[in-house]
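A.B. asks: Please take these sequences and the hints and turn them into a complete structure.
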Amino acid sequence: MSSTEQGTSSAAPAEPTTAPESAAAPEVPESFYYVHGKDKVVHKVSAGALQHSALIHGMISNLGYTEEQAKANPFPFENIDGDILQMVVDWCNQHKGKPTPPEDTNLPKQKEKLFDLVLAVNYLEIKELLTYCCKQVAMMVKGKSPEEIREIWMIPTDAEDEAAEKEAKKRAGKEAAGETAAAAGDAK
Amino acid sequence: MPIALLKFPKDLLGDVFEQFHPFELYCISKCSKRIRNSVKLGGTQKWKISYAMSETTVSCEDMNFVFKYSKKPDDYFTRRTNRYGIETEMYTEYPHVGAIDLFGYLLETFGIRIIKCLWTDTKEWNSFSEIAKHLINSKTEIEKWELYSNGNKDNIVENIMSVINKVNITQGFECFVQFASDFQHQFIRYPKEISLRTSSWFTIDQLLNCTCVQVDLYDSMLSNQDINVFFEKWKKPGTFPNLQLLFISSDRIDEESPILDMSPPIRNVETPIKVIKSIPSYFSDWMFTNLKYSFKVIKEDGTERWLRIIGKSFYFVV
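Read top to bottom, the protein sequences are chains A and B.
For the first sequence, counting from 1, position 123 maps to 123 in the numbering used here; every step adds exactly one.
For the second sequence, counting from 1, position 112 maps to 1112 in the numbering used here; every step adds exactly one.
Keep in mind that the hints were calculated from the coordinates and are not lab data.
Just to be clear, a hint being listed does not mean it is correct.
No more than 27 Å apart at the CA atoms, straight line, and that leaves these computed lysine-lysine pairs for DSS-like [claimed, not checked]:
#1 B:1048 <-> A:135
#2 A:127 <-> B:1010
#3 B:1123 <-> B:1133
#4 A:170 <-> B:1007
#5 B:1010 <-> A:135
#6 B:1007 <-> A:38
#7 A:127 <-> A:40
#8 B:1007 <-> B:1033
#9 A:142 <-> B:1048
#10 B:1010 <-> B:1071
#11 A:40 <-> B:1007
#12 B:1010 <-> A:113
#13 A:40 <-> A:71
C.D. replies: Now the structure itself:
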């Protein structure tokens, strides 16, 4: 278990609190789940925070795990770097149970991680954060010339695309020829 | 810090491109052929486009973005804002073929399916014929097409009119072309409104089969006798269900020959000046203002219309 128990005070199940007399119903203890990325560092996140992710919400909605079961079965996201998952978990915790305001100051600022963050958020289906990330990607080229856009978004020129396509065809041809030769060898 | 945008999955590319307006997507499309083929992922197909006076306008979300061409390379991609600070005009590279080339580029790049207004001159036909093929094949809706002429050869005009029959014009077709006296053309389908500035080729048989809401025929060859033939059909229930206005200007119309058994002069001096409800129209509405000298005519099913003949013009309105 990592030390990154974002926004939670304890790994243990919350103690039932005494409901005030005026309350209509007793407070339900919050449930927690565990996730880890490529670096295997486990993050404890509340179900409320995870509701932002349509993917995880769908996974946990019918599990009915106890705290122990949840701890023993963290959700593995091997395709997401640990620091990126940390950013996503932070954001989910900060926005637990509330919609993102139009001017959200808690959004991830690390531009150098934007590409990986977008892919992770897209994979985890966190709609509001994805919209924000796409806006950030778009903002990078607002008001820029095609030359500048090509540089910022690493868009290959037509000549580079053609060369890459030729190379790919060549490679595919060689591989096909290799397979044919191997099959002929096997037949002998 | 650059990012490799084209490594994003398609749906994500669409989410990014949705953040842009037409000028920005145009600049992006100019980066490479591959990205040009992707910009329509941003939902650009639902935009509308217009071409008039050598300018192309793309309309999205109630805003118009005007693309103008410049011969000065320093101006390329520069934008102008209106007084509210919104970008409304952008200068683009001078097209190789002509201004209409830019229209074709935007139409295809954005995959737009609805043309609000197409204002073309027959002299542009050589450049336009390729775009016309695209419009036919893609079944693009053209809400209104205005066709002007600058003294072209008859075969070009015939080509254009055959295209008119193949494209999907829905609201209006307005034609300012001066046709040769022996020109012949038969509409296969009609938009809601047609306005022909020379219509000598538009016969009574075509009028009888016309499904338009509004028909304006200038410089026509139709006569009082033809109008009588029209009324014979119109009086029958269920005929001309759409027609709300018919205007014919012809040297062969006069106030002296009878129409609908009315004795000449066909002028009802007792009709007061009366403003009538105008119908939604793309074209001029000056003829909707009053019914002075008009006669009321009644269909066999009880529908009422007004007809008026003044000089060599015949009006038939709701």
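A.B. asks: All hints are to be evaluated individually against the structure, with a verdict given for each.
C.D. replies: Going down the list of hints, with the structure as the test:
Between residue 1048 (chain B) and residue 135 (chain A) the alpha-carbon distance is near 24 Å, which keeps this suggested pair within the 27 Å criterion. For the proposed pair residue 127 (chain A) and residue 1010 (chain B), the alpha carbon gap of about 16 Å is at most 27 Å, so the pair holds. Between residue 1123 (chain B) and residue 1133 (chain B) the CA atoms are separated by roughly 17 Å; this keeps the pair inside 27 Å, and the hint holds. Under the criterion of a C-alpha separation no larger than 27 Å, the hint pairing residue 170 (chain A) with residue 1007 (chain B) is consistent with the structure, at around 22 Å.
Taking the CA atoms of residue 1010 (chain B) and residue 135 (chain A), the gap is near 16 Å; set against the 27 Å cutoff, the hint holds. Under the criterion of a C-alpha separation no larger than 27 Å, the hint pairing residue 1007 (chain B) with residue 38 (chain A) is consistent with the structure, at around 20 Å. Taking the CA atoms of residue 127 (chain A) and residue 40 (chain A), the gap is about 25 Å. The hint holds against a cut of 27 Å. The suggested pairing of residue 1007 (chain B) with residue 1033 (chain B) holds, with an alpha-carbon distance near 16 Å, which does not exceed 27 Å.
In summary, the hint linking residue 142 (chain A) to residue 1048 (chain B) is supported, as the alpha carbons are separated by about 23 Å, within the 27 Å threshold. Straight-line distance between C-alpha atoms of residue 1010 (chain B) and residue 1071 (chain B) comes to about 36 Å, which puts the hinted pair past the 27 Å bound. Using a Cα cut-off of 27 Å, the hinted pair residue 40 (chain A) and residue 1007 (chain B) holds, with the two alpha carbons roughly 26 Å apart. In summary, the hint linking residue 1010 (chain B) to residue 113 (chain A) is supported, as the alpha carbons are separated by about 20 Å, within the 27 Å threshold.
Proximity of residue 40 (chain A) to residue 71 (chain A) is assessed by CA-CA distance (about 13 Å); at most 27 Å being required, the pair is judged to hold.
Checked against the numbered hints given earlier, the structure breaks only hint 10 and satisfies all the rest.
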